[in-house]
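Here is how the chains run, residue by residue.
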Amino acid sequence: MSDFLKSLDPRINRLSIPAEFGSSFPEKDEKDQFITYEVFVQPKENKAMQHEGIVHAPTEEMAFLFAKEQFSRRGMSCVGIWVIKTTAIQVSPITENGEDIYDYINKEIMEGAEENGLSTYQVFQLAKRGKQHSLSGSVEANSFEEALWNAKNTFADDKPALNLWIVKEEDILKIEGDEFADIWNTLPDKKYRDAMDYKATEKIKKFKEEQQKA
Amino acid sequence: MTEEALKDLLYKIADDQLILGHRNSEWTGMGPLLEEDIAFSSMAQDKVGQSLAFYNLLHQLGEQDPDTVAFTRNAEQFHNCQLVELPSGEYDFSLIRHFLFDHAEFIRFQMLAECPIEEVAQVAKKLKGEVKYHVMHANTWVKQLSNANEEAHSKMQSALDYALPYALGIFEPSKYENDFIEAGIYAGEKAIETQWKENIHMVLEEAGLKLPDWDTLKPVYGGRYGKHTEYLQPLLSEMSEVFNEDPTADW
Amino acid sequence: MYGGGQVFEPSSTNNELLKDEDPKKLAEFEARIARGEKIEPKDWMPKLYRKQLIRMIEQHAHSEIIGSLPEGTWITRAPGFKRKLALMAKVQDEVGHAQLLYGAAETLGKSREQMIEDLITGKSKYSNIFNYPTFTWADSCFISWLVDAGAIVNQLANARGSYGPYCRALDRICAEESFHLKYGHHCVIHLATGTPKQRQMMQEAVNRWWAPMMHFFGPSDKISTHTEILTKWKVKMATNDECRQQFLDMYVPKIWELGLTIPDENLKKNEETGEWEFTEPDWEEFKRVINGDGPCNKERLAVRRTAEERGAWVRRALAAKTKGDKYVAPMA
Ligand SMILES: [Fe+2]
Ligand SMILES: [Fe+2]
Ligand SMILES: [Fe+2]
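Chains as they are written, first to last, in full-length UniProt numbering: chain A, 1 to 214; chain B, 1 to 251; chain C, 1 to 332.
Among the clues, some could well be false.
[Stated by the list, open to error] Computed, partial: chain A to chain C, Cβ under 10 Å:
id	residue
1	Pro18
2	Glu38
3	Gly53
4	Met62
5	Arg73
6	Lys85
7	Lys128
8	Phe155
9	Tyr198
10	Lys199
11	Phe207
[Claimed, not checked] FRET-style restraints, in silico, Cβ to Cβ:
id	chain 1	residue 1	chain 2	residue 2	range
12	B	Gln64	C	Thr231	54 to 60 Å
13	C	Asp43	A	Asp157	23 to 29 Å
14	B	Gln77	C	Phe135	27 to 33 Å
In short, the hints are calculated from the structure, not lab data. We put the beta carbon where it would ideally sit given N, CA and C, even for glycine.
Just chain A, same shape as in the assembly (with noise of 0.2 Å):
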């Protein structure tokens, strides 16, 4: 008799696991819970920029590490990701459906904005509950109020907007551009991971004649 857990798995036989183990489990450790990063995928050069998801990582290269095959293994192509700190976006409320959110904004809301001088901000829109958010583009501006007094300005047009998320330029980490072009150059061999690569009708019409045959 082993003291080991015998598995089916040669892996886990590998491991060597109690064969017995006690009910109770320490705590996880509280810190184990990593901070949130939101991840956006470009998959292509005349695509927008669209929210995809959200990675846990300790820091933002670790974030992009994580963001790129939980993201964009998949797909014919991808030509940059953006991580952002969960914290380091602003958001606006949400509409309801068909209401645009740029209506609700006026120029009030610059009074008392904390202003830490010009810099450029980043504008994801949201078209429709239940979709995900896309880049519009960037506006420049003191503050992140000024920021969406300007993304209205630039951006509020016939198709409403329900919910838009500000963030700070140089709280973005891009990884996107010619440096980095290569390393998703081999996504579209990756065939393997695609339902078209698995067709066997023809194998199964070949079996079935046999059968009648027989």
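Position chains B and C with the ligands relative to chain A; hints supplied.
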């Protein structure tokens, strides 16, 4: 340069990648944190995919098809360095091995991208980008962990000390070194090794890890000539367990 | 992947939670759902909605991460390059699904680490089917094709639900599931139409997995607790019986066309009602396994805990790098 020499080169590259990819895939579903589980699995897939690309080149040169070559040879027919066949161990070792190996591979691919044999150059050029991400990943992890706390630092240092002699085995000279250099295929193992030492030195210094005096290390050679540790044959038997239930079957 | 049979709270606590909700806000909330609009994290929502969604998404996430183990059993032994690469990618996807789903549940206010702790301490459940072993390569093929097919039936239904972040995660997941389904089917076709030995291997896997597969969708709605309010709120989108019927309708013919038999002599489609008839699954066994007494419950949790323990030093070290930054929930 003879075809035999070229095959020798392609085999050692492909075998390294297959065995390391296989080893690293053992972490899939059991990684230290979810996101890293995913990233490390992608890189394991990249490695196996890279080996397939090189076995395909060999197939074009008249060798058997990739499945037969990968799943039916015995340990002594494999030309991988011993570094890649060692058990995965804990994450410190798996990471250090990935760091040491991929730095070497990146240099190798950079050189082979300029190779006069068009087919080889094309494959190397393409795969270089993948390996660039692997190196970014490895550098970041090695730096982050080694600088983090005492516990991680000492684990990473021990893993490095253990792995280095095996890592030098990557550069075990082949019988054909001079042929490769003369034909301009690539600059040879010595050249890769020199560049590699420089590259890893920079990162390890930032990581606060110590490199020993190279002269005190005895490289673990033999892998390139079919001499392996006790770990390779069981790995291969496991890998081909299903395949060999019926090698003629279509799985 | 995921099955039905979610563990919802008994209805007495439900009423308790609903009692003190603001009727005006509740009416607006319900009107938005009735209009077919999604609820987003910052919107007002009833406590009960939040609680049941966390429970459901969390269980789904656990099922993905635990679900990576039975197929992972064959990851080092997949026959040939094509299968080796595909299985690695497939198991990786399941881990990725867990990551996406934990993220969706986090938007409701429970941290990922708290959820993982509840998994490894046995406080929180995962899909029962993963408590069964994969004896052969063919078992892993059965899972890739048919367990994933069952999961897809469920996930496609849930993707039409009311909570935005969960729907977005499911959209991504369903896109990847189409690869799993095709890959799994491809594997099964090759075994079923292959050598006599391969064929036998596949038939034995079907025999082993049929009962767990029928359990997968959960007990019949006739005997499970009422979930009317969750249906109204578009948390529960299809009944267990509807999912099971849909699965049988789509996949039984595909299994039969490969000359495989299904170990239930009562299984047939009633042409009049259009419903599939089958031997009632053994729900006592289902309960026994879900409560911890299945062939692999112990192993699955032990492996998950071991992975946590082996990774602890890594997470400790990295956490030392975060410089006092505070965790916040994802935004969408
Ligand atoms: Fe699944
Ligand atoms: Fe899944
Ligand atoms: Fe799946």
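Hints, verified against the model:
1. Annotation: Pro18(A) was flagged as interfacial toward chain C, and the flag holds, the nearest CB pair being 8 Å apart, inside 10 Å.
2. A cut of 10 Å between beta carbons decides the hint on Glu38(A): the least distance to chain C is about 6 Å, and the hint holds.
3. Here the hint on Gly53(A) is kept, as its CB sits about 6 Å from the closest CB of chain C, short of 10 Å.
4. Hint status for Met62(A): holds, given a least beta-carbon distance of 7 Å to chain C, under 10 Å.
5. The beta carbon of Arg73(A) comes within 8 Å of a beta carbon in chain C, closer than 10 Å, and the hint placing it at the interface holds.
6. Annotation: interface hint on Lys85(A) holds; nearest CB of chain C at approximately 8 Å, less than 10 Å.
7. For Lys128(A), the interface hint holds, since its Cβ comes within 10 Å of a Cβ in chain C; the closest pair sits about 8 Å apart.
8. For Phe155(A), the shortest C-beta to C-beta distance to chain C is roughly 19 Å, which exceeds 10 Å, and the interface hint is violated.
9. A distance limit of 10 Å between C-beta atoms decides the matter here; for Tyr198(A) the minimum to chain C is near 4 Å, and the interface restraint holds.
10. With its C-beta approaching chain C no nearer than about 8 Å, Lys199(A) sits inside the 10 Å limit, and its interface hint holds.
11. Residue-level restraint check for Phe207(A) holds (minimum Cβ-Cβ distance to chain C is 4 Å; threshold 10 Å).
12. Our hint of 54 to 60 Å for Gln64(B) and Thr231(C) holds, since their Cβ atoms are close to 59 Å apart.
13. The hint said 23 to 29 Å for the Cβ distance between Asp43(C) and Asp157(A), and at roughly 25 Å that hint holds.
14. Our hint of 27 to 33 Å for Gln77(B) and Phe135(C) holds, since their Cβ atoms are close to 31 Å apart.
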